[in-house]
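Peer 1: Residues per chain, in single letters:
Number of protein chains: 2
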Amino acid sequence: MELNKLFTNKDELINKEVELNGWIRNHRPQKEFGFIDFADGTTFKHLQLIYDKDLANFNEAVALKNGSAINVVGILTKSNGKNQDIELQVKKITLLGDCDETYPLQPKKHTREFLRSIAYLRPRANLFQAIFRIRSLASMAIHLYFQERGYVYFHAPIITGSDCEGAGEMFQVTTLPIEKLNKEVDYKKDFFGKKSGLTVSGQLQAETFAMAFSKVYTFGPTFRAENSNTKVHASEFWMIEPEIAFCDLNQLMDIEEEFLKYIVSYVLKNGNEELQFLEKFTAPGLLQKLNDLVASNFTRKTHEEVITILKEAKVDFEFAPNYGEDIAKEHEKYLTDYFHGPVFITDWPKDIKAFYMKQNPDGQTVAAVDLIVPGSGELMGGSQREEDYNKLKSRMEELKMDISELEWYLNLRKYGTCVHSGFGMGFERLLIYLTGVDNIRDVIAYPRTPNNCEF
Amino acid sequence: MELNKLFTNKDELINKEVELNGWIRNHRPQKEFGFIDFADGTTFKHLQLIYDKDLANFNEAVALKNGSAINVVGILTKSNGKNQDIELQVKKITLLGDCDETYPLQPKKHTREFLRSIAYLRPRANLFQAIFRIRSLASMAIHLYFQERGYVYFHAPIITGSDCEGAGEMFQVTTLPIEKLNKEVDYKKDFFGKKSGLTVSGQLQAETFAMAFSKVYTFGPTFRAENSNTKVHASEFWMIEPEIAFCDLNQLMDIEEEFLKYIVSYVLKNGNEELQFLEKFTAPGLLQKLNDLVASNFTRKTHEEVITILKEAKVDFEFAPNYGEDIAKEHEKYLTDYFHGPVFITDWPKDIKAFYMKQNPDGQTVAAVDLIVPGSGELMGGSQREEDYNKLKSRMEELKMDISELEWYLNLRKYGTCVHSGFGMGFERLLIYLTGVDNIRDVIAYPRTPNNCEF
Chain A
1 MELNKLFTNK DELINKEVEL NGWIRNHRPQ KEFGFIDFAD GTTFKHLQLI
51 YDKDLANFNE AVALKNGSAI NVVGILTKSN GKNQDIELQV KKITLLGDCD
101 ETYPLQPKKH TREFLRSIAY LRPRANLFQA IFRIRSLASM AIHLYFQERG
151 YVYFHAPIIT GSDCEGAGEM FQVTTLPIEK LNKEVDYKKD FFGKKSGLTV
201 SGQLQAETFA MAFSKVYTFG PTFRAENSNT KVHASEFWMI EPEIAFCDLN
251 QLMDIEEEFL KYIVSYVLKN GNEELQFLEK FTAPGLLQKL NDLVASNFTR
301 KTHEEVITIL KEAKVDFEFA PNYGEDIAKE HEKYLTDYFH GPVFITDWPK
351 DIKAFYMKQN PDGQTVAAVD LIVPGSGELM GGSQREEDYN KLKSRMEELK
401 MDISELEWYL NLRKYGTCVH SGFGMGFERL LIYLTGVDNI RDVIAYPRTP
451 NNCEF
Chain B
1 MELNKLFTNK DELINKEVEL NGWIRNHRPQ KEFGFIDFAD GTTFKHLQLI
51 YDKDLANFNE AVALKNGSAI NVVGILTKSN GKNQDIELQV KKITLLGDCD
101 ETYPLQPKKH TREFLRSIAY LRPRANLFQA IFRIRSLASM AIHLYFQERG
151 YVYFHAPIIT GSDCEGAGEM FQVTTLPIEK LNKEVDYKKD FFGKKSGLTV
201 SGQLQAETFA MAFSKVYTFG PTFRAENSNT KVHASEFWMI EPEIAFCDLN
251 QLMDIEEEFL KYIVSYVLKN GNEELQFLEK FTAPGLLQKL NDLVASNFTR
301 KTHEEVITIL KEAKVDFEFA PNYGEDIAKE HEKYLTDYFH GPVFITDWPK
351 DIKAFYMKQN PDGQTVAAVD LIVPGSGELM GGSQREEDYN KLKSRMEELK
401 MDISELEWYL NLRKYGTCVH SGFGMGFERL LIYLTGVDNI RDVIAYPRTP
451 NNCEF
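Read top to bottom, the protein sequences are chains A and B. For what it's worth, the numbering used here labels the leading residue of the first sequence as 1, then goes sequentially. For what it's worth, the numbering used here labels the leading residue of the second sequence as 1, then goes sequentially.
Calculated from the structure, these hints are not laboratory results. We treat Cβ as the ideally placed atom computed from N, Cα and C, and that holds for glycine. Some clues are possibly wrong.
What the hints assert, rightly or not - Here are the computed lysine to aspartate or glutamate pairs in the EDC-like style, where the Cα-Cα straight-line distance is at most 16 Å:
no., chain 1, residue 1, chain 2, residue 2
1, A, K414, B, D98
2, B, K195, A, E454
3, B, K78, B, E12
4, A, K333, A, E407
5, A, K92, A, E60
6, A, K231, A, D100
7, B, K414, A, E101
8, B, K5, A, E148
9, A, K414, B, D100
10, B, K195, B, D402
11, A, K311, A, D292
12, A, K78, A, E148
13, B, K301, B, E279
14, A, K108, A, E60
15, A, K91, A, D52
16, B, K353, B, E312
17, B, K414, A, D100
18, A, K194, B, E454
19, B, K194, A, E454
20, A, K195, B, E454
21, B, K188, A, E454
22, A, K353, A, D326
23, A, K189, B, E12
24, A, K414, B, E101
25, A, K91, A, E17
26, A, K188, B, E454
27, B, K414, A, D98
28, B, K91, B, E12
As the list claims (entries may be wrong) - For each label pair, taking beta carbons as the anchor points, the in silico distance ranges come out as:
no., chain 1, residue 1, chain 2, residue 2, range
29, B, E60, A, P361, 38 to 44 Å
30, B, E258, A, N250, 41 to 47 Å
31, A, N272, B, R28, 40 to 46 Å
32, A, G324, B, I403, 56 to 62 Å
33, B, V73, A, K10, 56 to 62 Å
34, B, N71, A, L268, 36 to 42 Å
35, B, N9, A, G285, 41 to 47 Å
36, B, E305, A, N80, 55 to 61 Å
Pulled out of the complex, with its shape left as it was, chain A reads as follows (with noise of 0.2 Å):
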């Protein structure tokens, strides 16, 4: 039987007989007994076994090491321990997989730093538990949130030709030789018959999809080859990138509000053990900031109100707030703190942003909207798009964009174009958000980042 299903149906099971198959997390022999704080991984909640000396195996029972898997039997009893209301009285137990001694997971304090070495190990310690126990059910409140409304998920191309942002850092894919220096190459002879590399974003293969079916969403990873040693920066990234036709910035909004508040209180509902754990051992205030967000209602302010606002505020910022500029963290902060709550930035000033945002009348700025959160800072990012074929294609000829290569892009401005949407938020932020773990790199299985690929 599996510990979450003892755990859900434990008031029918007390006095009977289970059996179960798990590893010991802590062993706690004594002379006359042992405690065996035992998981299996179906549920968040360990196990206490508890044997004593009429044990057939005591002597090996005793033995048993901290890691090993065992096959164990007994009867499920009401316990009297504080921290359990349930306990096992092992009648037969039997070591599956024996611990070597080496196992450097003991049930001690070890560093995040030590854990990410031992990255294989890691998902067994509470802590990792609990965070990629919640990874995988936000994926699915994603994926259900989408699907109840009718989105097709889009499984937007991992390897592709095109730039999306134009600018970004791309990791290349070939099968040629490579060497050190760099001279004219032949890129008819690589893979693809051209220079290919990692996707940084669906988006604007997401727009075609959307062009066809309204609603789309993708949900997959993308990368980035930017030389970045910071605690939110990863080279291999999850990301969501809903399109949405007929849909204004307006609309995207409340979209991304609601969004993000199913997300919210799903993981709240069914994650409620591994948040109590993190709000206890690691993000203090945690439960309050999540359930604050489902109750708040989400400011919406223009990048020019809140300029003014940083520029009013009686703050020493390191950056000073400036029209036409970007928005440090420090200024999130303090209007997440001054609306108390999320806050939607809109109409972004059009050089700080990408080609494809739809341009606004007044010639300045684009129909782009920042979400920001309380703690966390940018979350989401998103526009209406330009659906104006005229108007796009000067934008990328004023940027000097190859217009050749994303003429299939534009082309969607020629074929039934209409008001079109879309955000993007990435996965692995959003998850630093949910469990107030602050390094990337502890919500990522096996993170990439500047010389480091292990596992």
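Start from chain A and add chain B according to the hints.
Peer 2: Using the frame of chain A, we list chain B on its own:
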């Protein structure tokens, strides 16, 4: 209003006014009136719009072109048409986005090859509406199956330094400049400080998570740099790889059978319109095939047993069946015919299977299982994994593998090892099976194959 909501609530909406946004799939203007075949992609169904001379902008309406985006207001009425039970009496029609006369997707028969060349427009065609809706539904079915049963969704790394199968043809990922010739390359200077490539399978990493969560699954892109130009090979495709602790080969087959029936049932239920269309225009017999699968009991035979059956068959095979050898397409077909349904073939000769598979006591075979299904051949491949440290290490040495690269994988057998099993299913192979479409390029939005990386 979206069309899916309109069709769902049509009884309440009859004789009421509704407003819709979508596209003209086919326009048949007459002198005094006109018919528009209208769709918005939120359902496979189309709605017929009828307008007449009373329309204020009748002359404009008559000129509307196929492919245009429109907004329409009208009264939903019962229809006597043979293809529909409702239609819309148009009161107002507004052009949102015109469609240029060069629009290549006209309502006529196009070849699949031509449609691939306009892959950014083909999702607007009925065939691809059906295929990509089923792709989305099947994705959801996969997530639902696993999440309802407590599996944790594991995102396997895409960029990797390990080569799972030991002999896969991998794409290299790099930020180094590329040259025509191969000299000595200092990979310390590459982005990850080592040679890295695109994953061919997430299994090995998934095993590390199965040792922590008992039941996990991957669902993500994988890659093969194989120069194969067949109908069933793509360079980039999605895979599903569940990995289950405390699960032997027989239990694995139980899961595979339940899993496949779950997906097929889900698509039969939620994709009925799409399947009906495919049945009618593309794949006669599709519905029967899918319903038969759900009702069938999958046969379980060893590799040796099926070779004996093949040898006794009174059929002139192109390739003679042999003990100790692989099974050809023609043999798979014979076997699924012979057993009138899906067949699990177990206990394969170890020399034609991967290093990590559980070695059987006979010393000749491994606890591997391939599932073959009527009409498609191999659909899933799985095995019990070798959980014995020494046996696994010996096998890797025998195969002259670089053990230092996979020390973490071997160590799983040192730290609480247990019987565990898993399988892999190519998502596009499943889609070929589900849709009856025979070319993998038609079930992937933007397929990547040798010399093809468009869009």
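Peer 1: Hints first: check each against the structure and report whether it holds.
Peer 2: Status of each hint after checking the structure:
In summary, the hint linking A/K414 to B/D98 is supported, as the alpha carbons are separated by about 7 Å, within the 16 Å threshold. Only pairs whose Cα atoms come within 16 Å are accepted, and B/K195 paired with A/E454 is accepted, the gap being roughly 11 Å. For the suggested pair B/K78 and B/E12, the alpha carbons sit about 12 Å apart, so the restraint of at most 16 Å is met. Under the criterion of a C-alpha separation no larger than 16 Å, the hint pairing A/K333 with A/E407 is inconsistent with the structure, at around 40 Å.
For the hint linking A/K92 to A/E60, the alpha-carbon distance of about 11 Å falls within 16 Å, and the restraint holds. Between A/K231 and A/D100, the direct Cα distance comes to roughly 34 Å. Violation of the 16 Å bound is thereby established for this hinted pair. This hinted pair checks out: B/K414 and A/E101 have alpha carbons roughly 9 Å apart, not beyond 16 Å. For the hint linking B/K5 to A/E148, the alpha-carbon distance of about 12 Å falls within 16 Å, and the restraint holds.
Only pairs whose Cα atoms come within 16 Å are accepted, and A/K414 paired with B/D100 is accepted, the gap being roughly 6 Å. Among the hinted pairs, B/K195 with B/D402 is consistent with the structure: their alpha-carbon atoms are about 14 Å apart, no more than 16 Å. Our distance criterion of 16 Å between C-alpha atoms is broken by A/K311 and A/D292, whose separation comes to about 27 Å. Simply put, A/K78 and A/E148 have alpha-carbon atoms about 41 Å apart, too far for the 16 Å limit, and the pair is violated.
Restraint check for B/K301 and B/E279: not satisfied, since their Cα atoms lie roughly 31 Å apart, outside the 16 Å limit. With a CA separation close to 24 Å, the supplied pair A/K108 and A/E60 exceeds the 16 Å bound. For a cut-off of 16 Å, the pair hint linking A/K91 to A/D52 stands: about 9 Å separates their Cα positions. Between B/K353 and B/E312 the CA atoms are separated by roughly 25 Å; this puts the pair beyond 16 Å, and the hint is violated.
For the hint linking B/K414 to A/D100, the alpha-carbon distance of about 6 Å falls within 16 Å, and the restraint holds. Between A/K194 and B/E454, the direct Cα distance comes to roughly 10 Å. Compliance with the 16 Å bound is thereby established for this hinted pair. The suggested pairing of B/K194 with A/E454 holds, with an alpha-carbon distance near 10 Å, which does not exceed 16 Å. For the hint pairing A/K195 with B/E454, the CA-to-CA distance comes to about 11 Å; that is within 16 Å, so the pair holds.
For the proposed pair B/K188 and A/E454, the alpha carbon gap of about 14 Å is at most 16 Å, so the pair holds. The hinted pair formed by A/K353 and A/D326 meets the criterion: a straight-line CA distance of about 9 Å does not exceed 16 Å. With a CA separation close to 61 Å, the supplied pair A/K189 and B/E12 exceeds the 16 Å bound. The straight-line distance between the Cα atoms of A/K414 and B/E101 is roughly 9 Å, inside the 16 Å bound, and the hint therefore holds.
Between A/K91 and A/E17 the alpha-carbon distance is near 9 Å, which keeps this suggested pair within the 16 Å criterion. The straight-line distance between the Cα atoms of A/K188 and B/E454 is roughly 14 Å, inside the 16 Å bound, and the hint therefore holds. A threshold of 16 Å between alpha carbons decides the hint, and for B/K414 with A/D98 the separation of about 7 Å falls inside it, so the pair holds. Pair hint B/K91 plus B/E12 does not hold up; C-alpha atoms about 19 Å apart against a cutoff of 16 Å.
A hinted range of 38 to 44 Å is violated for the C-beta pair B/E60 and A/P361, which are about 26 Å apart. Taking 41 to 47 Å as the suggested C-beta distance range, the pair B/E258 and A/N250 conforms, at roughly 45 Å. At about 57 Å, the beta-carbon gap between A/N272 and B/R28 misses the expected band of 40 to 46 Å. One distance hint, 56 to 62 Å for the beta-carbon pair A/G324 and B/I403, holds here, with the actual separation near 58 Å.
The hinted window of 56 to 62 Å between B/V73 and A/K10 holds, with their beta carbons roughly 57 Å apart. Between B/N71 and A/L268 the C-beta distance comes to about 39 Å, which sits within the given range of 36 to 42 Å. In this structure the hint that B/N9 and A/G285 lie 41 to 47 Å apart at CB holds, the actual value being about 44 Å. About 56 Å separates the C-beta atoms of B/E305 and A/N80, a value consistent with the hinted range of 55 to 61 Å.
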